[in-house]
Every structure is written in structure tokens, then in C-alpha cells.
Amino acid sequence: MEAGGNARIEVERSILESADEAATAIRALLSGQEIYALNLISSPGSGKTTLIEALLARFDGKGGIAVVEGDIETEIDAERIRKHGVQVRQINTRSSCHIQPSRLLSVLREMDLSKTRLLLVENVGNLVCPAEVPLGEDARVVLLSVTEGDEKPLKYPLVFRTSDLLVITKTDLLPYVMFDVDRVRRAARAANPAVEIFEVSATTGAGMSALLDRIEAMRAAKKK
Amino acid sequence: MHELGVANDILGIALSEAERNAAKKVTSIRLRVGVMRAVEPENLSFLFGHLARGTPAEGAQLEIVEEPVRIECAACGISEARSFTFACPRCNGPDISVTGGDSLSILSLDVDT
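Heads up: the sequence lines are chains A and B, in that order. Using our numbering, the letters of the first sequence correspond one by one to residues 521 to 744. Using our numbering, the letters of the second sequence correspond one by one to residues 565 to 677.
Any given hint could be a false lead.
Computed from the model, here is a short list of chain B residues facing chain A with C-beta under 8 Å [to be verified]: (1) V570; (2) I574; (3) F610; (4) H614; (5) Q625; (6) L626; (7) E627; (8) C655; (9) I670.
What the hints contain is simulated information worked out from the structure, not anything from laboratory work. Glycine included, every Cβ here is placed at the ideal spot set by N, Cα and C.
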């Protein structure tokens with residue numbers, strides 16, 4: 521290029537390429553050790569940590585579960601999970617509203633995953649940014665509590681389009697809120713015809729065993 | 565605030581491409597942004613401008629080419645839309661598949677050499 525002039529450089533590069541590379545590295549790391557990974561996404565307070573606790577209780581004593589908690593600040597969730605005696609790491613994302621795959625990759629490299637068969641990654645609580653950034657997970661789970669309203673699949677289509685499981689939580693509260701489960705089911709299926717939908721209440725236990733069975737079956741299906 | 569991470573990645577790529585091409589200054593950056601990406605252009609430009617201070621990309625303009633979603637409607641064929649939709653924007657038919665609209669890439673840089 522001649523000095524003192526101007527020019528156009530054709531680039532055509534994905535802005536997410538470094539994130540995609542890190543996600544690919546995570547996938548390779550997990551597959552090499554036969555670990556099944558779930559990326560849990562929802563609004564704050566929809567029940568991600570509670571679902572993790574239910575999974576830990578279900579597989580208690582068998583071991584094999586590791587947890588990575590993502591939050592903008594605090595170790596509160598990691599401390600909650602640590603009480604169950606499993607390996608857990610907290611990622612504080614500070615200014616970022618989702619877990620960056622590069623950050624997850626370095627955390628996973630520090631962990632002892634030799635006995636891990638199921639990795640649960642709890643993303644930062646929101647329905648926008650985590651949907652855009654794959655973490656190399658085997659399956660993505662979006663949780664939607666009935667108190668949030670039934671229009672969420674219309675407002676946040678990307679997360680519903682890219683998730684393998686939709687878990688409708690806090691169904692014991694359905695009598696007290698305006699939430700049309702069929703409307704959510706229709707909208708979620710329109711965004712992603714292959715999505716599997718579960719309705720659960722951690723308080724009453726309704727629907728939980730079907731969901732936990734499914735997650736266990738998905739994990740087992742990956743094992744070679 | 566996810567624009568902050570996007571702005572940071574744009575700056576990183578722009579600076580590395582400018583250096584590779586021995587450019588002195590980046591004056592404009594053309595981006596293709598899918599409508600599914602929920603990127604707010606004004607917010608992105610503001611954050612980029614802040615991050616680019618003191619670099620060869622200081623003052624560079626972001627030019628955003630919007631990528632629509634592609635709708636295949638069983639009743640009336642293919643069309644495009646500027647947002648995700650659950651019914652065909654042309655005939656209101658419900659039997660549609662919506663794809664695309666998820667690009668997030670740098671197309672080209674205008675530079676001073």
C-alpha cells in the first residue's frame with residue numbers, strides 16, 4: 521500500500537471468531553474426557569441454581585458432577601453449591617453479561633475433571649447475551665418461570681431458538697399468575713420445532729423426575 | 565451491555581488488520597450485523613469510540629449493514645424480515661421457518677496509509 525493515501529481493506533472476519541475458537545477448544549476438552557456439558561440460561565431468579573441442586577440431590581453419592589457458576593459479582597451461588605460437596609468454580613464476569621468461552625476454558629483447565637461425567641454451567645442471569653455465545657456445551661437449557669410472563673419467547677426469540685430444552689419452572693404458582701403454558705409451548709415450538717419442553721415445580725417436586733431422567737438419558741447417550 | 569464485548573472484539577480485529585496492512589489510521593469500519601443479534605448501533609458506536617481512544621482507530625466511524633432474517637413460508641415462499649416473527653409477514657401463514665439474521669462480522673476497513 522502506498523503511504524499518504526487511503527485504501528479499503530476487505531476483511532470479512534467474524535467478530536465472534538475468538539469466542540468460537542474457545543468454544544471449539546472447550547468441546548474438544550470435554551469430549552476427550554467423555555464429559556457431558558449443559559449451559560443453563562434464564563432470567564435472574566428463574567431457578568437455575570435450584571435445578572442444579574436438584575440434579576446434585578438426584579445423583580448424590582455417585583459423584584461425577586462439576587459446576588461452574590457465572591455471575592456479575594459475588595460467590596453466593598458457588599457457596600450454595602459447595603455445600604453439596606461437589607467441585608464448583610465461580611466466574612465473576614464484572615462488566616460482561618455472559619460467560620465468555622475463553623474464561624470458561626481457563627477455569628476448566630484448572631479443574632480436576634478426571635471423575636466428572638456431567639458439567640453444569642450456570643450462565644449469568646439474562647435471556648439476551650448468553651444466547652449469543654456458545655460455550656461448547658452439548659445441550660443448552662433455557663428456564664422460564666411462570667412469574668415472568670408468557671410473552672418471553674416472543675421477546676427473546678434467540679435463546680428459545682437455540683435451546684434444546686425449555687424448562688417451565690415454578691408451576692405451583694400457576695393459579696396465582698397470568699401465564700398461558702400453551703401459548704409458551706406454541707411460541708417455543710415455532711422458534712425451535714425440536715425443543716423439548718418440561719413443566720416443573722421444585723417446591724412440590726412435580727415434573728422434576730421426568731426432567732432429571734431426560735438429562736441423565738442425554739448424558740448417557742453421549743458416553744461412547 | 566453486551567455491546568461492550570462486541571466493541572472490544574471489533575477494535576481488536578480492526579487494529580490487527582490495520583497493522584498487518586501497515587495502515588496509519590482506521591477511518592471507517594463496515595460491519596454486517598444480523599437482526600437476531602440484538603446489537604444497538606448507537607450504544608455500539610459510543611462504546612467503540614470510548615475504547616478506541618488513543619489507538620489508530622480513534623474516531624473511526626462504524627457503518628452497520630443490517631442482515632435480515634430469512635423466512636420460508638409454506639404458503640407464499642421466501643421473504644425477509646427485520647425481526648424474528650412467528651407468522652409470515654406477507655400472508656400471515658403460521659407454517660414458516662425463520663433462519664439467518666445471526667451474522668456479526670467485519671466486512672472491510674477504510675484506512676489512511
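Consistency of the hints with the structure:
no.	hint	verdict
1	V570	6 Å, holds
2	I574	6 Å, holds
3	F610	14 Å, violated
4	H614	12 Å, violated
5	Q625	13 Å, violated
6	L626	12 Å, violated
7	E627	12 Å, violated
8	C655	16 Å, violated
9	I670	5 Å, holds
Of the hints listed earlier, those the structure fails to meet are numbers 3, 4, 5, 6, 7, 8, in rising order.
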